[in-house]
Amino acid sequence: MIELKMDRLEFSFMEVHPQARFSIEFQRTLRIPDDGTDYPLPPGLGRFPLKHVDDFAETLSSAWRSHGGVMLPMYRSEAMWLNFNSSYISERETEYPFAVKVATGKICAVSGESWSNGLSSRPQNYLVVPRQPWLDGYCVEKGIIRQFVAMPLAAGYTAEEQLTGAADVGGLQIVAYPMRREVFERRFPEVRQRFHMAKARSAMRSWDAVAGDMGLAPGGRMRQEIYTDPFDIRDWDQSASSRCFVHIANSLVWQSITGSAPPSPPPTSKQYAKAGLPWFEYYGETHAVDGAKKLGGLKSVATLGKQMGDVPLPENESVNPAHIVKLRPKLKPNQVREEVF
Amino acid sequence: MSTTFGNFIRLRREKLRQKDAGYSVRQVAGRVGVQPSYLSKVERGDEPPPSEKTVVALAKELGEDADVLLALAGKVSTDLAEIIRRRPQLFGQLIRELKDMPNHAVLRLVREVRDGEW
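The listed protein sequences derive, respectively, from chains A and B.
For the first sequence, the positions run 1 to 341 when this note's numbering is used.
For the second sequence, the positions run 1001 to 1118 when this note's numbering is used.
I should point out that these hints are in silico values taken from the structure, not numbers from a laboratory.
Remember, it's a predicted structure, so these values are computed and weren't measured experimentally.
It cannot be assumed that every hint is accurate.
[What the hints assert, rightly or not] Here are a few chain A residues that face chain B, going by a calculated C-beta distance under 8 Å:
#1 Ser66
#2 Gly68
#3 Val70
#4 Gln173
[Claimed, not checked] Here are the in silico distance ranges between beta carbons for each label pair:
#5 Glu190(A) / Leu1090(B): 39 to 45 Å
#6 Ser62(A) / Ser1077(B): 32 to 38 Å
#7 Arg47(A) / Phe1091(B): 28 to 34 Å
#8 Ser61(A) / Leu1090(B): 42 to 48 Å
C-beta: ideal position from N, C-alpha, C; glycine also.
Just need the whole structure built from these sequences, with the hints factored in.
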């Protein structure tokens, strides 16, 4: 079951295990320059507002109504990353694991393959949560992604249009599969009496305390690994999936659909870097998947714009992120943090 | 029904009046926009409960919940009636199903994100 709470999609699989829950939020961020340089991770500038499409059925297209799900507003000057959150289960000293598939315009962001039901391991077409703390774009090379940036559908830029030649779907598609209960209980036996649910300290990526149809297109390059599945593909309960279609509306039409104003536009990379605000690097310790050939062959928005004689990005100047904060995987509640020395 | 409503209003008003003389029949009637004699008759059950607008004003004046007072007056607020009129089958069925559910269960009612055809 998926619920929408505080602009988060909350997935729960009570039928599998009472603690099988996690949430996804869509973080707003700046567009990193699309200039061939590999950038560090940009910050989270707050959650995109999410609404049920059913609440605005009379103002939406029939395609959106039939897809169901939720919608969010996005400017062309901004980008998105997905933030995965799970609760720490103290008596088992772990979070409940999930396999999560993410597609844009029904093109898998990890494998580049067209949408299909179920999980595959060769090539891996999913992320493993909580091992994967976030996803910022398309896996184009091992350790490199191209940022998710919004472009109007049917202008030729989206991953969907570049790979299928059609602008039929747009948006984001997400499906989650929980680990099988018996596998979870075997792999993570109870190590102490059930005490209370403590929230794991998550690595934060914020610096301050922490219809027009749009589709997602590949933007600038960023250093981010997509981690391989440390479990067996049979460990996932593929009979218990929950999925959600996330529609993307141009911020300018959001107000006319919902009657509420979209968030104000984000700063540009240049403004952000100039203010000396931090960028981030994440050091996970696990193996990363190779980039998907199909995704590696995608042309970035800037490259494609140049070829089409279009200026798709109002501003795309290179920046030099001077202030980089290093992040490590979440610590368990009592784990001592180790730094580089 | 009307006696229950009248009684409730009178008890509530008199309780407030013990601390504040502004809760006399005359003054409350003035603030909700009715004649004192009319309010007096309503309190005694000699007149049926007043209009929705007056019940809502009374609720506000006496610090009571408008929906509760409307229910005592045998009425349903216009906005609720409108919600049901807009989707009569859905809400009719929903409300009948919720009829015997305990409060905590009703409060836990969740709304799933609807999945459609992709």
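Range hint compliance [Cβ, Arg47(A) to Phe1091(B), 28 to 34 Å]: The hint (28 to 34 Å, Cβ to Cβ) holds, given that Arg47(A) and Phe1091(B) are roughly 31 Å apart.
Gly68(A) was flagged as interface toward chain B. Is the shortest Cβ-Cβ separation under 8 Å? 3 Å, holds
Cβ-Cβ distance between Glu190(A) and Leu1090(B): within 39 to 45 Å? With a Cβ separation near 44 Å, Glu190(A) and Leu1090(B) satisfy 39 to 45 Å, so the hint holds.
Hold the hint about Gln173(A) up to the distance rule: shortest CB distance to chain B must be less than 8 Å. Holds - the Cβ of Gln173(A) comes within 8 Å of chain B, reaching about 7 Å at its closest.
Against chain B, with CB atoms and a cut of 8 Å, does the hint on Val70(A) hold up? 6 Å, holds
A range of 42 to 48 Å was offered for this pair. Does it hold for the Cβ distance of Ser61(A) and Leu1090(B)? Taking Cβ atoms as reference, Ser61(A) and Leu1090(B) lie about 23 Å apart, which means the hint is violated.
For Ser62(A) and Ser1077(B), compare the CB-CB distance with the range 32 to 38 Å and indicate the outcome. 34 Å, holds
Interface hint status, Ser66(A) versus chain B (Cβ within 8 Å): 5 Å, holds
In summary, the one numbered hint that this structure violates is 8.
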